[in-house]
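Given chain A's structure and the hints, the job is docking chain B onto it.
There are 2 protein chains.
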Amino acid sequence: MCHSVRFISLGPGDPDLITIKALRVLQQADIIFYPSTISKSGRAVSRALDILNQLEISAGKLYPFAVPMNKNRSLAIESYNNISANIEEKYKNGQETAVVAEGDAGFYSSIHYIYDYLAERKIPVEHIAGIPAFIACGALAGIHTVKQEEELIVIPGTATGEALSEYLQSGKTIIVMKVSQCQDTIKLIIRQQPRHTYHYFENAGVAGTEYYTSNQNDILNRSIPYFSLMIIKP
Amino acid sequence: MCHSVRFISLGPGDPDLITIKALRVLQQADIIFYPSTISKSGRAVSRALDILNQLEISAGKLYPFAVPMNKNRSLAIESYNNISANIEEKYKNGQETAVVAEGDAGFYSSIHYIYDYLAERKIPVEHIAGIPAFIACGALAGIHTVKQEEELIVIPGTATGEALSEYLQSGKTIIVMKVSQCQDTIKLIIRQQPRHTYHYFENAGVAGTEYYTSNQNDILNRSIPYFSLMIIKP
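So the protein lines, in turn, are chains A and B.
Residue numbers for the first sequence, in the numbering used here: 52 to 285.
Residue numbers for the second sequence, in the numbering used here: 52 to 285.
Be aware that a few hints might be false.
Said to hold, decoys possible - Output of the computed footprint for chain B on chain A, the stretches with three or more beta carbons under 8 Å from beta carbons of chain B:
hint, segment
1, 71-81
2, 156-163
3, 197-208
As the list claims (entries may be wrong) - Capping the alpha-carbon separation at 25 Å, the derived lysine-lysine pairs in DSS-like fashion look like this:
hint, chain 1, residue 1, chain 2, residue 2
4, A, LYS229, A, LYS284
5, B, LYS284, A, LYS223
6, A, LYS229, B, LYS284
7, A, LYS72, B, LYS72
8, B, LYS72, A, LYS122
9, A, LYS198, B, LYS229
10, B, LYS141, B, LYS72
11, B, LYS284, A, LYS173
12, A, LYS284, B, LYS229
13, A, LYS122, B, LYS223
14, B, LYS229, A, LYS223
15, B, LYS143, A, LYS284
16, B, LYS229, B, LYS284
17, B, LYS198, A, LYS284
18, A, LYS284, B, LYS173
19, B, LYS173, B, LYS141
20, B, LYS173, A, LYS198
21, B, LYS198, A, LYS229
22, A, LYS72, A, LYS112
23, B, LYS198, A, LYS223
24, B, LYS198, A, LYS173
25, A, LYS198, A, LYS284
26, B, LYS143, B, LYS72
27, A, LYS198, B, LYS284
28, B, LYS223, A, LYS223
29, A, LYS112, A, LYS143
30, B, LYS223, A, LYS198
31, B, LYS223, A, LYS229
Hints listed in this document are in silico derivations from the structure and should not be mistaken for laboratory results.
Small disclaimer: the values here were computed from a predicted structure and weren't measured.
Every residue, glycine too, gets a C-beta built ideally from N, C-alpha and C.
So that you can see chain A by itself, here it is in the shape it has in the complex:
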């Protein structure tokens, strides 16, 4: 394997939905950095680690990094810079270094800060593609997310009622990421425009906690967790 820092996509959650290429690079790496967050109860939580463990990647080469959740942007960036400098050092020591992300590492992934930091400093970087959550959700529900001339719009948690209505009226399929952040808007749209089809997903690909429904009452009565996603068909 030629020497660069690999940004490896783990896919949506099911360890079998990683690619052959990504698995091989994980197995060959000397050191793997994975994102971890601290829950309200103070426990370290990492879906990436869950996937790595299920893939039986040697625990000795796994190093967590805290995902900066700081609303203060300059503090968050400082935190990413520290992680990046650490990764740069491992790389320069000659270690085959990898950084992992859930889903695809270039699709709404926060590790792009690290990637950009290294690229700016002329460290060779490589991105290995993976399946984004919305693709896994479509497969789980057995729907054809888009076909023929249909257009698709992806909105990351910032959907307004006006925008959603406009997209639906013009026949677009909508992916809403981070539904929890705009759940009042979404629930209002469901009540106002029940003629559309609302496919709702939690933890797609995670055995045991995966949930899917297109029943509108079930969605309206649901408290919406962080890992949630919606596919709305006009």
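Chain B in isolation, oriented as in the chain A frame:
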């Protein structure tokens, strides 16, 4: 493996970008239907077959089906119905039957006709997710297709200049599929609005013919083939 017709996503072209799950199901299947088209010179062309061959799937279980290219919609549907009836028969004979698609089988894939036909006739169907071409293109170019609050719009070959301008003005990232079908529009936009970044791709993931540039003159002078895709960043 429980008995259903499997719709297997092959990913963007690089055989190593198939998932572990998809590869296992391909290896276990008794019969695999793959799409094939006839080129202008009369030769059968199938990127799906190229991938299956590189994955060393036994040739004896591979069966091509002609992708209906007929502009007459009812003839195309009749053709899909015939393929679907053939697949149904194999399934009912007790064979582990799979149908493959490039990219993801639920994302602008024509095999949804077959899937829907079988589902309507109460044949159990399963969709195994794969990496869509645009994700592989982003990885190849080393760009972060979308991040944070950015919105993404996917347009399949039907882009108008007005729509593209409006999306760019509102800060959306645009994926244009089948660039060849709207190349005059795209080239005009590049000339009129050179301040945006135009990432252009051909045959992403196909060794030997893969091509990427973000040089605007190169794109303007290029004759655009069928398997082309563009990521436009505002």
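Query - Earlier hints that do not hold, by number - result: 8, 15
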